[in-house]
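Novice: In order, the protein sequence lines correspond to chains A and B. Per our numbering, the first sequence starts with residue 1, numbered consecutively. Per our numbering, the second sequence starts with residue 1, numbered consecutively.
For the record, the hints were derived by calculation from the structure and aren't laboratory data. Each residue gets a CB set at the ideal place from its N, CA and C atoms; glycine is no exception. Careful, some of the hints might be misleading.
What the hints assert, rightly or not - So the derived list for chain A, only partly shown, Cβ under 10 Å to chain B, looks like this: (1) Gly351; (2) Phe426; (3) Val568.
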Amino acid sequence: MKLSLNWLNEYLDASKLPDVKAYCDRMTDTGSKVEGYEMAGEDITNVVVGRILCMEKHPDADKLQVCQVDIGKENPIQIVTAATNVQTGNMVPVALHKATLHSGMKIKEGKLRGVLSSGMFCSIAEFGLTQNDVPYAPENGVLVFPSDACQPGDDVKKVLELEDIVVEFEITSNRPDCLSVLGLAKETAASFNLPLNISAPVVKEEGGRIEDYVSVEVENQILCPRYCARVVKNVKIQPSPLWMRSRLRHMGIRPINNMVDITNYVMLEYGQPMHAFDYRHIDGQKIIVRNAKNGETLNTLDGVERKLTEKMLMICDASHPVGLAGIMGGENSEISEDTTTVIFESAGFLGSSIRTTARDLGIRTESSGRFEKGLDPENALPALNRACELVTLLGAGEIVNGVIDVRTPKADDVKLHFTPDAINQFLGTSIAVEEMKEILKKLHFVFDTDGKVIVPTWRSDVRTMNDLAEEVARIYGYNRIVSSLFAGDVFVGKRTPMQQFRLELSSLCHAAGMYEILTYSFISPKTFDMLRLPASASERKAVVISNPLGENTGIMRTTAIGSILEAVAHNRSFRNPVVKLFELATVYLPTSPDNLPVEAQQLVMATCGSGDFFALKGICEGILHHILPKSGSLAPYMFVAETENATFHPGRCAHIMLNGEVLGTIGQIHPAVQDRFDIDGATYVAVLSVEKLVANKEQDKQYHALPKYPAVTRDLAFVCDKALEVGTMQKVLAEAGGKRLESITLFDIYTGEQVGPGKKSVAFKLTLRDAEQTLTDEMCDQLVKKLLRTMEEKCGVILRS
Amino acid sequence: MREQLTKIHEQALQALNETTVLEALENMKVKFLGKKGELTAILRGMGSLSAEERPLIGQLANEIRASIETKWEEKKAVLQEKMLESKLAMEKLDVTIPGKPVQWGKEHPITKVTREIEGIFLGMGFAIVEGPEVEYDYYNFEALNLPADHPARDTQDTFYINPKILLRTQTSPVQVRTMEKQAPPIRIISPGRVYRSDAVDATHSPMFHQVEGLVVDKGITMGNLKGTLELFAKNMFGESTRIRFRPHHFPFTEPSAEVDVSCFVCEGKGCSLCKGEGWIEILGAGMVHPNVLRGCNIDPDVYTGFAFGMGIERIVMRKYNIDDMRLLYENDVRFLSQF
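Modelling step: build the complete structure from the supplied sequences, incorporating the hints.
Specialist: Have a look at this one:
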C-alpha cells in the first residue's frame with residue numbers, strides 16, 4: 001500500500017512529522033511496516049515554464065525553429081526546437097542547461113547546426129507521464145500548458161504537481177483498514193500523538209427521487225451483508241482535476257475520467273472499493289445481488305469472458321449479470337464518454353466468498369484484495385457519501401435525492417473487559433493504567449461507562465485481551481518491554497535416543513570420509529524407471545502432490561537412492577574425482593489415502609571414484625560393528641548375495657541381513673542405471689534402515705576383561721571351488737572353532753595355475769586363545785585338526801599343500 | 001712390573017684417544033681389561049712379588065684399571081652420541097613434503113547450523129521434538145487459528161496431497177501435537193523440513209528448514225520471549241548482538257513480532273550484508289494465541305506461552321555469506337568441504 005504524504009496532509013498536519021526516515025522507522029515500530037519510500041519528482045530538475053516570444057526558421061535547417069523564450073528572467077533565452085506543435089505565445093516546459101529528466105537524461109547548452117540552444121522544450125514523456133496524467137497534452141510533441149495555469153519561470157514540478165513523498169507500506173492481512181489513506185492517517189496520528197482532522201462527508205442532493213431510478217434486491221445476504229447505492233444525474237464525463245490525478249498517480253492508479261477516478265479515489269482514501277454503473281445499461285431499473293446461475297457468463301472490464309459458477313456472487317440487473325461482486329465490473333455497464341447517469345455502488349461482501357471467486361477465476365484486483373480480507377460494512381455508506389461529495393466538488397454531476405441501503409442489522413458493539421493488570425502481567429511491563437487508556441483512545445477505542453472498552457467497527461482483529469495487549473504494546477513500543485528470563489521448574493534439555501543415534505551415525509559417516517548431503521524430499525516419478533524398478537515394486541506406490549511445481553518434484557520419495565545418484569552425477573559432471581556422500585534421508589511410505597504416510601529414515605551412502613564394492617562394504621561393516629553387540633568370532637550380520645535387485649549389478653549386490661531381517665542393501669549400481677543418471681564411473685551405493693539399526697543397537701555397553709593369556713595365530717589356506725563363498729567357510733570355521741577361536745581374518749584369495757582351473761585358494765589367519773590358560777602347541781594342533789576335518793566334511797575343501 | 005703397568009696405562013689411554021668407532025672400542029676393552037687382557041696377564045705375575053710390593057702393585061693395578069674403565073666409559077658415551085648424531089643426520093626428512101591425505105566427511109552447513117541452534121536451546125532446557133512432514137491440514141492450519149478461508153493462507157503457498165493432507169508449510173504443527181499430548185509446562189524446539197510452492201531461484205526453494213520453539217507455562221510474559229531470544233541471539237551471533245522487535249501479524253500468535261538481530265558483520269552500522277540497514281530479519285515470534293491454546297485443551301486464563309520460528313537457510317546464507325540458495329541443495333563436494 002502506497003501512501004502519498006501530500007494526501008495524508010489532508011487529515012493531519014504533516015509538517016509536524018519528523019523527516020521521512022524517522023517517520024518510516026516509527027511507523028514500522030508501531031506496526032505499519034514500511035518497505036521503502038520514494039521522493040516523487042526528484043528525478044526532474046531545472047525545468048521551468050517558458051513563454052515563446054518569437055520563432056524564426058533556422059538558417060541552415062528546414063525542420064528547426066529558433067525561439068526566444070521568456071523564462072521569467074530579465075533576458076529571454078534562445079531555444080532551437082524541432083517541435084511542430086508550438087507557436088508564439090505558447091507556455092511550454094523548458095529544460096534549462098543542466099536539467100535532468102525522467103529518463104535520467106541531462107540537458108546541456110549547445111549549438112544545433114551552428115545556432116546556440118540553451119535548453120529543450122519537453123513533452124510529457126520527459127516527465128514520465130502519459131495522456132492519462134495530462135489529458136490536454138499531445139501524445140507526441142511538446143506539452144503546451146493552458147495559459148491560465150502558470151507563469152513563465154514557474155517550476156514545472158509545481159505546475160504538474162510532480163512532487164510528493166510516497167511511502168510504501170506492507171500491510172498485514174489482519175489490517176485491511178490500513179489499506180487506505182484514512183487508516184494510515186489514524187495510525188500516523190496515534191504513532192506521533194497528532195490530532196486527526198476527519199469530518200463526515202456532506203452530500204448535496206439536487207432533486208429527483210432515487211426510488212424512481214433504481215431499486216436494489218439482495219438475494220444472498222450472507223455473501224452481501226450490505227449494499228448501498230446512490231444515483232448521479234446530469235453527469236459530465238471529463239478528466240478529473242490535476243490534484244486528483246496526481247494523487248492517484250502517486251498512489252499507483254492510472255487516472256481515467258472523473259467518475260472512475262472518484263471511485264478509485266474513495267477506495268484509496270476510505271479503503272472501500274466502489275463501482276460505478278452506467279444507468280442506461282441497467283435493465284429493468286433493478287439491481288439484484290445474487291449467486292450466478294451455472295452456465296452464465298460475463299465479459300469483465302478487462303475484456304475477458306468469465307464462466308460463472310453457482311457459488312459466485314454477482315451484481316445483476318433484471319436480466320443478466322453486470323458485475324462480479326467486489327472484484328470487477330462488466331463491460332456491458334461500463335462508464336463511457338457519453339454516460340449521463342451513474343449508479344454508485346458501495347457494498348459489503350463476505351471476504352471468503354470474494355477470495356474463492358477471485359482465485360477460481362484467476363483475477364486479483366485492488367478491490368478483491370481488500371474485500372477478501374474482510375472490510376467493515378459500516379464504512380460503506382460514508383464512502384458512498386464521500387464519492388457524492390467529490391462529484392459535487394468536481395462539478396461532475398448532480399446527486400439524486402435519497403440513498404439505498406439494504407443491509408443486515410448492524411452488529412452489536414464489541415466490548416472487551418479492560419484489564420490493565422492482566423495486560424501488564426502478560427507483557428511483563430508496568431505501564432500505567434492512564435497511559436494504556438490514552439493509547440487505546442488514540443486508536444479510537446472508546447471507554448464505556450461500565451469500564452469496558454468498545455472496539456472500533458473496523459477493528460475486527462481485536463477480540464481478546466491479547467489483542468488489546470498488542471495494541472498497547474505496539475504504541476508503547478515493543479522495544480521498551482524489558483527482557484527477562486522465565487522462572488519455573490528446571491528442565492534438562494536432551495535429545496531423544498533416536499536423535500542421539502542419528503548424531504552417532506553422522507559421526508561414523510564423517511569419520512569414514514563421507515560428506516553429508518541434503519536432497520529434496522520430492523522426486524520425479526520417472527526416478528523409478530531410471531532405477532529400473534519393476535512395475536510391481538512397492539517403491540512405486542508414492543504419496544503424490546496434487547499441485548506440484550513441476551513433474552520433477554511431483555511425488556514424495558520412497559527411496560533415497562535416486563536423490564543420492566543425482567548428487568553423484570552433479571559432482572562427477574563438475575569433475576570432482578572423489579565422491580563419497582551420505583544422507584540421513586526421510587522416505588515417505590503411503591498407507592491409506594486418508595492417513596499420513598509412514599516417514600522412515602534411510603542411511604544412504606554412495607561412493608564414486610573412491611574404492612570398490614569392498615571399500616563401501618568396509619564402511620558398512622565398520623558402522624555395524626560400532627552399533628551392534630559383539631558375539632564371538634563371527635559378525636552377527638551377514639551379507640547375502642542378491643541377484644534380483646535391478647538397480648544394482650546382478651553379481652555385485654548383497655542384502656545386509658541381521659537375525660533373518662534385511663537391514664539394507666549394498667551394491668554396485670547397474671551400468672544401465674548409471675547411464676540413465678549420466679554418471680561417468682562405477683558407483684557403489686548402500687542403503688540401511690535407520691529404524692532397524694536403532695532397534696538392534698547394543699544397549700548398556702559392558703566392559704570385557706582384557707585377555708590374561710597369550711594368543712596363538714595359525715595361517716590356513718584352503719583350496720576349493722571358485723563358487724564357494726568365503727562367508728560360508730567363515731561360518732563353518734566359526735561354528736567348529738568354538739570359544740577358543742577368537743577371530744578369523746581373511747588374508748588372501750588366489751586363483752591361477754597353481755590351484756588349477758575352477759579352483760581358488762582362500763587363506764585365513766586364525767587367532768586362538770583360551771580365557772583360562774595358555775594354549776599349548778598340542779591344544780592348538782588339535783583345534784586346527786578339528787577345523788580341517790569339519791571344513792572337509794561340510795565344504796569339501798582341503799588344506800592347500 | 002710397575003713400569004709395565006704404567007706402560008699399559010699409557011698405551012690404553014692413547015688407544016682410547018685414537019679410537020673413533022664403537023666396535024674398536026669394544027675390542028679395546030677386551031684387549032686391555034678382559035679376562036685374557038694385558039692387565040690381567042700382568043696381574044697374574046703378582047705371585048712373584050714380595051709381600052710388601054704386592055699390595056702396592058695391587059693398588060696401582062686397580063687404580064689403572066679404574067682409570068681405564070672411566071675413560072673408556074667416557075669415550076663410549078662420546079662415540080655413541082656421535083653415532084646417534086650421524087644416524088639422525090641420515091634420517092633427515094624434507095618436512096615440506098605434503099602429508100598423506102585423510103578425508104574426513106563433514107556435516108552439511110544446514111545441519112551444522114541446526115545443531116548449533118539446538119545446542120543453545122538444549123542448554124536452556126528445551127527438548128527437541130519432531131513431527132511428520134506430510135501433515136494434516138488441521139495441524140498445519142486449522143489448529144493454528146487459520147481456518148479454511150483465512151486470507152493468510154494465501155501467503156503460504158501450500159503443496160497439497162489431498163484436501164485434508166498437505167506438506168507442512170511450517171514446523172508449527174509439531175507445537176500443536178505436543179500441546180495435545182503434554183500438559184504444561186512445555187519447553188520445546190522443533191527443527192525440520194518445510195515446504196512451500198516457490199519456484200527455485202537464488203533466494204527461494206520449495207523445500208527449506210525451520211526451527212520453531214514453544215514455551216507454555218503459568219506466568220509466561222512477552223518480556224520472557226524477548227529475554228529468551230536475546231540470550232539465543234547472543235549465543236548464536238556473538239555477545240554484542242542486540243535484537244529488535246517489530247509488530248507483525250501471525251494468526252497463531254498475538255501479539256506477534258518480527259525480530260531483527262543487529263548485523264553480525266557491521267554490528268549495526270550498516271554494510272553490504274545487511275543492505276545498509278544494520279539489522280537482519282531472522283525470526284518471527286509472538287505470544288501463543290488463546291484460540292490455539294484452547295484448541296489444545298490448555299486454559300488460556302491459566303497458562304500463557306510464547307512461540308518463535310526461524311528459517312535455517314537464511315541464517316546459513318548470512319553466516320557464511322552464501323549468495324545463492326541453490327548451492328545448498330546441489331551437494332557439490334567443493335561446496336560441502338568448506339564448512
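Novice: Please flag the earlier hints that this structure goes against, numbers listed from lowest up.
Specialist: none
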